[in-house]
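Undergrad: Given next are the chains, with one letter for each unit.
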Amino acid sequence: MRLLVLEDDSTLGEALQEFLRMDGHVVDWCRTLSQASVLAREPYDIWLLDWNLPDGSGVDWLRSQRIKGMTTAAIVLTARDQLQDRIAGLDGGADDFMVKPFAPEELSARLRAFSRRLAGSAERKRIGRVEVDIAAKSAWLNGVHVDLTAREWAILEALVLRAGRIVAATDLEALVMGLEGDIASNALQVHIHKLRSKLGKGLIETIRGLGYRLGADEAK
Amino acid sequence: MKQNDLMVRINLSSIRNRLTALLVAGAIGLGALISISIWWVVDGELTELMDHGLQESAELIHNVLSSAPDPTHQQHPSRPDSEYAEHLIWQLVNVDTGKVIARSSNAPDTPLATAWHADVQHAVNAPWHMVTLEFRHSKQTLLVVAQTEEERHEALVDTLGYTLLTTLTVCALGIWAMSRRMRVELQPLQQLSDGVRNYDPLLPATAPTSTGRAELQPIENAIYDLGQRLGQRIISEQAFTAHAAHALRTPMAGIDAQLALAIREAPEALRPRLERAREAASRLSRVMQALLGMFRSGLEPRRVQIPLRQLLEPLGSTGLHLAFDPYGQIEVDPDLLTPVLINLLDNAHRHKAKNVEITVSEIGAMTRLIIQDDGEGCPTEVFNNMREALDRQDYGPQSGFKGLGIILADLVMRAHGGRTKLLSPASGFALELTWPRGHTATAS
Chain A
1 MRLLVLEDDS TLGEALQEFL RMDGHVVDWC RTLSQASVLA REPYDIWLLD WNLPDGSGVD
61 WLRSQRIKGM TTAAIVLTAR DQLQDRIAGL DGGADDFMVK PFAPEELSAR LRAFSRRLAG
121 SAERKRIGRV EVDIAAKSAW LNGVHVDLTA REWAILEALV LRAGRIVAAT DLEALVMGLE
181 GDIASNALQV HIHKLRSKLG KGLIETIRGL GYRLGADEAK
Chain B
1001 MKQNDLMVRI NLSSIRNRLT ALLVAGAIGL GALISISIWW VVDGELTELM DHGLQESAEL
1061 IHNVLSSAPD PTHQQHPSRP DSEYAEHLIW QLVNVDTGKV IARSSNAPDT PLATAWHADV
1121 QHAVNAPWHM VTLEFRHSKQ TLLVVAQTEE ERHEALVDTL GYTLLTTLTV CALGIWAMSR
1181 RMRVELQPLQ QLSDGVRNYD PLLPATAPTS TGRAELQPIE NAIYDLGQRL GQRIISEQAF
1241 TAHAAHALRT PMAGIDAQLA LAIREAPEAL RPRLERAREA ASRLSRVMQA LLGMFRSGLE
1301 PRRVQIPLRQ LLEPLGSTGL HLAFDPYGQI EVDPDLLTPV LINLLDNAHR HKAKNVEITV
1361 SEIGAMTRLI IQDDGEGCPT EVFNNMREAL DRQDYGPQSG FKGLGIILAD LVMRAHGGRT
1421 KLLSPASGFA LELTWPRGHT ATAS
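Chains as they are written, first to last, in this note's numbering: chain A, 1 to 220; chain B, 1001 to 1444.
Since the hints were made in silico from the structure, they are not lab data.
The structure displayed is predicted, hence computed values, not measured ones.
Built from N, CA and C at the ideal position, the CB exists for glycine as well.
Across the chosen pairs, the derived CB separations fall in these ranges:
(1) B/His1321 with A/Thr149: 37 to 45 Å
(2) A/Asp91 with B/Ala1277: 34 to 42 Å
(3) B/Pro1218 with A/Asp55: 44 to 52 Å
(4) A/Ala136 with B/Ala1277: 25 to 33 Å
(5) B/Gln1232 with A/Asp55: 24 to 32 Å
The whole structure should be built from the sequences, with the hints applied where relevant.
TA: This is the structure in structure tokens:
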């Protein structure tokens, strides 16, 4: 998944970014709300927000994003541990709430739970002959496990989480590479070609001029 | 809390009762004094009045008898029975012979006096009070008019009795009226007491309203000032806690995340060392949370009905096996109880426990939570010291407490109106937390 971490503490922010990257996520990290407002235009699966930030309240910012119609899932990471804080955070538009200090492993587990929920399945998701376990980051073709690279998995995960929707090529690039991506212009096509060769040509459908979609026939 | 206990245990005297007792004693004393004074005055005045009346009556009888043709030659020495009650009697005595020559129907046959006296006299050997008068034309005849001592005594006793009764009645009515008035006058104290009980220093609108009594105004001002200072103190502590929470929790989260990352990236040989460092950081984190909890435990708990599972499941990462009723519910401030449970489970883990059983039960209006582990327990002497220290609320260095867990549990329980008790299981260590139900503030 592509994650945006909004955390002003560099020790925590940097560690979270690296830890979650090692879990296979594409993670962008920013420290202020003004940076987050720019990045919020990018496609993200989940925002991880601190409450107290140098230029304002993360929950207030989240509320304003919700008013604008942004539906990206959000987890508030905060030092505030009171009941009314949790209520205020959830009422402000957060989907989950984690009180610092927390174990990054628990955050990873919650992200896996989120990804399962976003994929619309508690366990494995079947797309034609292909089975995908988002939490385990594994895929099977006709019941046989298929090894995927990190990039290939990221593309497959981004499309599975948006099953039935067309994902613009630029968005897919952003979801897979993040802000730090230095991908060659045809790299995405190359990874998609490899995915098709591993999991079947019909898995990813190209919609000319618009982007990609999980294969409609396969998805049935 | 200890002062409250004392107030409950000791039967304190009531101002109203004390004043009423004082009034009753005063009224009885005053009534007696008034009665004695009245008796002393009335005795003299009444005696004089009765003597004067006796003298006047004697003179009147003397005049009547003097107008008779010859009072000394009565046909009937004894008059027939009077048709009236005779309170006065009279005799005509012949001073030469010493015999009664005429008398009223109730008068004795023997003469009460045989010689004239100017003043009112007591009869010799007879209970009579008498006046003697001579006749100008018959010097040997003496008129004796008398009244019984009993009659005079009865008049005095009646006067004194009614005076005493009236005085005591007036005093009793006064006491009753004063007692009622006292109750009314002491109402402002009760009003002030209720106001203080309902005063939340964080809500200025709940400050006790003025009772309208000048004597209570300084107390009201002092209570208001105290509330203001307390409220400000709480606000400062809350602000400090919030700052401290942010200042401590975020770096702790950063340290833990960095260590988690380092454990992943480190060579296999280095991982145990990093894991120990992470465990130490985790303990430091729990201590920090306990301290923040202690800061909050002086505040009013915000109780909610919460499933036990929701409280305990997030704490299951300590390597302990937790056994509890998955459907159990408790009414508690979860923000206060969570750090308590974290610390108690940490204690159990450090004392080599593998299993912790947590049971919830309801005893009357109380909720009871027992946390029992199968660890090594603690030495009897330390256990006894801790048990006594808990009773005394003594958390000092001599108390025997090694960590924050039990102290925090006791502070949080007392904030809930409850208490903490060390149990004596056959093995391991057990702690009982009890607190009253029925104070849920919010439900979410």
